[in-house]
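**Student:** Protein chains in written order, with this note's numbering: chain A, 25 to 520; chain B, 25 to 520; chain C, 25 to 520; chain D, 25 to 520.
Treat the hints with care, as some may be off.
No distinction is drawn between identical chains; accordingly, a pair holds when it is met within one copy or between any pair of copies.
Listed below are the simulated BS3-like cross-link pairs for lysine-lysine, each with C-alpha atoms no more than 30 Å apart in a straight line [unchecked claim]: (1) LYS491 to LYS434; (2) LYS369 to LYS186; (3) LYS69 to LYS39; (4) LYS65 to LYS282; (5) LYS462 to LYS65; (6) LYS49 to LYS77; (7) LYS77 to LYS55; (8) LYS224 to LYS55.
These are calculated hints, taken from the structure and not from any lab test.
These numbers come from a predicted model, not from an experiment.
Number of protein chains: 4
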Amino acid sequence: MKLLGAEEVAKHNKKDNVWVIIHDKVYDLTKFLPEHPGGQKIIMKYAGKDATKAFAPIHPPDIIARFLPPEVCLGQIDKQSLAAQPKVESAEEKQIRLAHEAKPSLSEMYNSFDFESVAKNVLSPAAWAYYSSGSDDEVTMRENHNAFHRIWMRPRVLVNVKDVDTTTTMLGTKVDFPLYITATALAKLGHPEGETVLTKGAAMNNIIYMVPTLASCSFDEIMDAAAPGQVNWLQLYVNADRQVSKQFVQHAEKRGVKGLFITVDAPQLGRREKDMRQKYEEEAPDEIERTNTQVNRNAGAARAISNFIDPSLTWEDVAWFRSITNMPILIKGVQTAEDAVLAAKAGLQGVVLSNHGGRQLDFAPSAIEILAEVMDALRAEQLDKNFEVYVDGGIRRGSDIFKAIALGAKGVGIGRPAIYAMSTYGVSGVDHLLNLFKTELEMVMRLMGVRSLSEINRNMVDIRNIKDHFVANPTDYLAHHAYDQPVPRGKLPSKL
Amino acid sequence: MKLLGAEEVAKHNKKDNVWVIIHDKVYDLTKFLPEHPGGQKIIMKYAGKDATKAFAPIHPPDIIARFLPPEVCLGQIDKQSLAAQPKVESAEEKQIRLAHEAKPSLSEMYNSFDFESVAKNVLSPAAWAYYSSGSDDEVTMRENHNAFHRIWMRPRVLVNVKDVDTTTTMLGTKVDFPLYITATALAKLGHPEGETVLTKGAAMNNIIYMVPTLASCSFDEIMDAAAPGQVNWLQLYVNADRQVSKQFVQHAEKRGVKGLFITVDAPQLGRREKDMRQKYEEEAPDEIERTNTQVNRNAGAARAISNFIDPSLTWEDVAWFRSITNMPILIKGVQTAEDAVLAAKAGLQGVVLSNHGGRQLDFAPSAIEILAEVMDALRAEQLDKNFEVYVDGGIRRGSDIFKAIALGAKGVGIGRPAIYAMSTYGVSGVDHLLNLFKTELEMVMRLMGVRSLSEINRNMVDIRNIKDHFVANPTDYLAHHAYDQPVPRGKLPSKL
Amino acid sequence: MKLLGAEEVAKHNKKDNVWVIIHDKVYDLTKFLPEHPGGQKIIMKYAGKDATKAFAPIHPPDIIARFLPPEVCLGQIDKQSLAAQPKVESAEEKQIRLAHEAKPSLSEMYNSFDFESVAKNVLSPAAWAYYSSGSDDEVTMRENHNAFHRIWMRPRVLVNVKDVDTTTTMLGTKVDFPLYITATALAKLGHPEGETVLTKGAAMNNIIYMVPTLASCSFDEIMDAAAPGQVNWLQLYVNADRQVSKQFVQHAEKRGVKGLFITVDAPQLGRREKDMRQKYEEEAPDEIERTNTQVNRNAGAARAISNFIDPSLTWEDVAWFRSITNMPILIKGVQTAEDAVLAAKAGLQGVVLSNHGGRQLDFAPSAIEILAEVMDALRAEQLDKNFEVYVDGGIRRGSDIFKAIALGAKGVGIGRPAIYAMSTYGVSGVDHLLNLFKTELEMVMRLMGVRSLSEINRNMVDIRNIKDHFVANPTDYLAHHAYDQPVPRGKLPSKL
Amino acid sequence: MKLLGAEEVAKHNKKDNVWVIIHDKVYDLTKFLPEHPGGQKIIMKYAGKDATKAFAPIHPPDIIARFLPPEVCLGQIDKQSLAAQPKVESAEEKQIRLAHEAKPSLSEMYNSFDFESVAKNVLSPAAWAYYSSGSDDEVTMRENHNAFHRIWMRPRVLVNVKDVDTTTTMLGTKVDFPLYITATALAKLGHPEGETVLTKGAAMNNIIYMVPTLASCSFDEIMDAAAPGQVNWLQLYVNADRQVSKQFVQHAEKRGVKGLFITVDAPQLGRREKDMRQKYEEEAPDEIERTNTQVNRNAGAARAISNFIDPSLTWEDVAWFRSITNMPILIKGVQTAEDAVLAAKAGLQGVVLSNHGGRQLDFAPSAIEILAEVMDALRAEQLDKNFEVYVDGGIRRGSDIFKAIALGAKGVGIGRPAIYAMSTYGVSGVDHLLNLFKTELEMVMRLMGVRSLSEINRNMVDIRNIKDHFVANPTDYLAHHAYDQPVPRGKLPSKL
């Protein structure tokens, strides 16, 4: 393959002649330019330059080979010539570097919120927008954690809780505590080593990691990073071309994956407006007329990656999946008791109650809200044996895990907290976060008077208001403005 | 007709000798000055000048001819002499022009709230006050959208939602999706082309526009702007002089209008205090003593236009309306199940559940709150067949449309969102807004697991708290001030 | 009586020799100084000077004659010598004068909240603290209006509401609308003419004024200010010395008072901490050590006036009151259905449901909250005929009056709104405020589809949540800080 | 014992040679340095100096003697040499001194919140963090007082309340009103005289003080400070070594303690993150790499003191406690009706419903919330006689005491309010605070129409919402930003 110099590549930086370097290869994207789903602007930003850092997090490594004709690849870049070029730090890169330098010590991270707050500072705007956004008004996204606040505890005393055991099994795998890292896309937006960071963190705490279809790393890279004997699960977006899915699933099974989780809550991606706005900001050049309505409507990182989810998937496809794999199959994204019962009747091994982290349908209920009624419905039809119910969404404290277990969950998944820990402190961050969750869970169990997960039951929580959605009357601003708030004594005089 | 020069007109600018130019005609308003319902101040502002821009949005075009003697019209203005006069841009005009220049691209408008936020900047204070105000403390106005937040979704999965059909019929007309633009007065306050903008936007999306009685454009101007085959409806304020209403209705029917909506929630106009205050600001000159209590109590744009609504209208008038037209007749402004049942028994074709956009009675319930009980009451009396129930008020998201359909509505009306889109981006704005609503509705249907409106039913929404009005206890300010809020790690040092 | 010059009086300004001028008389208060319930400080502030302005609002005119020996009165002040003295405007007086000059025109007052907001500026700190304060955390004070927000409307349409009649009778007196001005103490704190302003305002609107025991004006001054034929009521604090009360009641009856309202919710005055703090501010001189704990605990205007309320009053006293007067007797301050029933059984003519404007027991319920259950209890015992139930507390809108009537009240009382209107714009202010209430009530009746008070019934309001007291869970600050709020498009760039 | 000079001690200030002065003795802590549970940093801060002020509040006086070999004590400090050394006021000490000088007069303290607000200013950061912190998100800590806001009053009128009697008995002791000061650790953090201040304050008001196991003063110092005949209780953390507990309990009984309260809600200390953060701030030197994750995870004052609480304590231990003492035994920290019943069945004299001031399990219910159901459960099993139920947590007003009595409590405990009063104004502060509570309670009783505690019953309070935990829907920020709040007339122009 031809070796090309960085200087030569740099000359091809016009719309009618665009070369870019990706993963050490040089491509001529001139013809592809107008067809790029993510817009021309972002390609032109890297015209004549190395685009790998921007390309890698949001494209599968093999996408060019699969979708563009071989002749667009002009050759190999001469790495030495590339290294010789002066590095210029952009304002955004500088901002991120300084934020990383200024971030608190990992020991000061006392809870999952701390990681989120740090992530807000150290992530690139594109990564923050992609990870932090929810759909529409983000009501469901915030409801996910809020719903746990509607569940109160009923602690018992004078139980010998010297020794507390948090271990359990999930689909037959013994784990240290009932939490797994759920599948989230595009980990390289937050960390250059992407999903491998999450796998390693999971291994360090003997819990399971669910590998995503839309990973930034290739599936095998992730599996290769796993510790000996580490169990992973696979999250699957079903492709309209079932052969693609079949190959993927069977390859995963061969590599030792122990559970298949088919996502069913995303026949269409939700509108994540923060992500859309961020993308727009990046795309819209100052010189474009602000009133020009012809700017391509751009849909953020989220939409750029999801051309491969089949909206016609139905219950009838379940049998086919059963035929291609021996892994336990669960569906992820169930949001009603009715569908949980259908899943059990369809012979699946379980469900994940989930609203996709509040990224799909706004006003979808939180998993924890519907958990109790799901368990009741399964029990009523005697379908609760050998059927595992997981929940994800809004898990931020050890007490959230306890509440989910009390209401019948086999375990809980976390998404954003792990992503934020990864993005801020890498593997150590993920390890620390998981340790916090486990430590908090142990404390809650001890203070609740239970010694093992099997001792936890529904009577230990008060769910009287779990299904209530309180919307306050609109504020009475005239009265509010007229009112004279009482102020306590003891405000310091300003001189202090 | 005599031709008069602008210079000549300019001389008549005193209270005892006032000429103004309106729609290219010169009027001597000296005698009318003390009788003007909107006050003398506003006429004197345009004494000797062209008042058309201020006059047009809030007066029907033929009002002078109908109410003033012919001799007040002195002749035609010499347009060339007018054009020769130097234009002076007022501070308000400059502010609005700059706001228009600075507004975001239409592509950045991701939802109906974005249009409202832009409208706040680009509308004249008079227009913003008129459009945005509600009655009294604006509790009902805000409740209208809030009420949708009390309705949560129950999404179903593994349904083939590749193809989603949002079409339906309304009073027999096939439309692209179940939304119409409802009647709102005085469109020229927001856009020089007034209601024709809304008609055109509706046509582009194959939905219905309800033409208002209190339009800024004449009825025929609006109908002339309609696309071939476009269906419009007519909103009617019933005049105490029934012949006026009869002529209007029969003319509309001849022009092809396909539905008559009689407003029944406005026997008196509500107190819209923001509008009243804005009007006062405009009227009260600095030189008036601030303690003078004799300044005429002025009621804003709202009251200036509503001398023609008969407060003595009753159910007995329905038969007469049936006798003068063959159009389907519905009443707009129903707010109880009892009145919906009465409407059905009176042989009407339907009702619009509405509280007039929160502009009439504060603490009136939102339409969406009472929809389910209205449908139940109709069903209980077997009156739900061939009877169409619409709702308006607070529709801001595609999910709001879905919720209304789920609770039994045939369709929903939007008012302010369309007005704001019109005022900010004209026809393109209205088109874009309607497109957003349709796109969001399609997404919601897909994520809910339905393929057509007929598959939507009440079981898909959770309305447990729909009738709850939660008012928080007064804040405990002393405790609040004394409490030390926890702050997460990771606030950036100020140097960044 | 001896005539004394201002210059002579001015010399007596030391603690061991204190003269002050009150109502044109000169008093030697040297011996009384240490016994003054309001503290020495305030007397010394006026040592050698005219103290009338400070004295008048918070003392009955005859208090010195009644409680001090005649020899303290040294003679008459020479008014000319007093007038000759240069007037010095204090900083507080200047602030109030400027606030009055800057206040909005009365025509801009659109609702009762506007008066409150103006009053906050133009009242002296002492007056504002006394009028605006409630007890403890002021939860009940604010709850009083809040509770109306828990009542929603059920408006009916297509009723002929051309003519709306708001008139009614109260204890046999025909009034223009069902509202009276209730008794509040110390009107001169807000206006130099005190309670006469309220009487006059009531007369102008043909409603009733309830004269307070603790008026700043003498009872006869108030009655003398009444219009011919004007009906007043009397509010009574019962004195431990029953003869004092007997004389007062019988004198009032002779002067034509038509109703006796005995206050029963104040066996002890509530802790109004804002008032206490204000009083402290006034008293505590800078030179006192801030850590000195010996400063006399002072209880604000409220406590200075209430040494004459008998805490031993019981139901058995009712018979005695019946024996001394033929006026209808009602008790004011009932807060349970049980006590309303006892009142009816005791042969009283009615009750006022009231918590004393939130100035007594914090967490006492609002009158409107308990109104429905009170009416039910009376009806259950067939005691609701010839028994009138009034409510006060939190009435701020015409809709509040409507709601009270719907739930069974014969009428409503307003306190602070009238005081604020009086304090800001005098008689015109009270007139304007009453006019606003009447206008709003008429509008609400029209929009509710009723033509007279007798057509109003409980079915017209939704009281589902009337008894619910919602306290929000404590805020989740860590999550709150970490969350990134969405911001709509269209914020103007700062240059505009 | 050898006498050592301050100058000599000052030389030993290196890690390999550390002397410190504590309570006038000189210790060589070189070997102990790496084992100090609170970290080396804090010891090195006082290397070569007098560490008494930092040591005393968080260590029992005899801890060195008990845990370190005798040879670490090198001798006595020469006090004169110490006094001769120049005192340097640190920035923190200066800040606290100025805050004390600027604090309001004690007479201005009108309620318990005022003390808290002053304490925020005058306490050292370490003391404030320790006292004010709760566990996790501090939801339960704040819920404790909030829950009282869900209880409303039903006041009765026309009862002779001239004389009101607040006295009662607690475990047989006659007290002036039904409140005691509960056990809280480390009083010397807030006041140099520690727990003796609280004892003295309690004596002045004839109420009971519960002496804590983790006091800063020795148990005997506290008992010695008691007034003649004053009754104290003892709070006990049970040591894994039961002999330690036995000696402590029997010694207390000998010294006249009249009640034993065994804490059962702390088998592990809760995560008090504010305290942890403060500790970290103090420990983490600037020179440590901020990204270094090896800094010892430090747990604040809370964890430094609690190595002696046995997590294996069970119901079976109760019999043993019965065998070693004749004091009444109660358990403190009961949080369910089930455990209250078990306590009664185990022959205990009562329980304290408590969640440890919100410092242990977040989302544990408040004592007041569960009180009614606890009483019902006891009554149902006829266990409510001779069994006293106390509550603590969130008592801030006299009305809170009333509510607890109405729901069945024998009395209430206060913790933080007393600590804040002690820390701000010493004994006078505690006296004043207790006086406020008593005064408020008397007022509430009078306004409720009761003359003695025995007249108070459950029917006097409305607990309809006591068990409701309302969590508001997430805010609709887009709508919120777009809305134009109404502003009342009467804002002053800026010139005023």
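**Student:** Cα distance capped at 30 Å. Does LYS462 pair with LYS65 within a copy, between copies, both, or neither?
**Tutor:** The answer is between: 28 Å across copies meets 30 Å, while 45 Å in one copy does not.
**Student:** Using 30 Å as the alpha carbon limit, work out where LYS49 and LYS77 are close: within a copy, between copies, both or neither.
**Tutor:** within (13 Å within a copy, 63 Å between copies)
**Student:** Treating 30 Å as the Cα threshold, decide for LYS224 and LYS55: within, between, both or neither.
**Tutor:** neither (40 Å within a copy, 39 Å between copies)
**Student:** Given identical chains, is LYS491 near LYS434, meaning Cα to Cα at most 30 Å, within a copy, between copies, both, or neither?
**Tutor:** Cα proximity of LYS491 and LYS434: in one copy and across copies (21 Å, 28 Å).
**Student:** Taking 30 Å as the upper bound on the Cα-Cα distance, should LYS65 and LYS282 be classified as within, between, both, or neither?
**Tutor:** neither (42 Å within a copy, 48 Å between copies)
**Student:** Have a look at LYS69 and LYS39 and pick one of within, between, both or neither, based on CA distance no larger than 30 Å.
**Tutor:** This pair counts as within: shortest intra-copy Cα distance 11 Å, inter-copy 56 Å.
**Student:** When no copy is specified for LYS369 and LYS186, does a C-alpha distance of 30 Å or less occur within a copy, between copies, both, or neither?
**Tutor:** Cα proximity of LYS369 and LYS186: across copies only (25 Å, versus 42 Å in one copy).
**Student:** With identical chains, the pair LYS77 and LYS55 could be close in the same copy or across copies; at 30 Å between alpha carbons, which is it: within, between, both, or neither?
**Tutor:** within (22 Å within a copy, 52 Å between copies)
Going through the hint list in order, the structure does not satisfy hints 4, 8.
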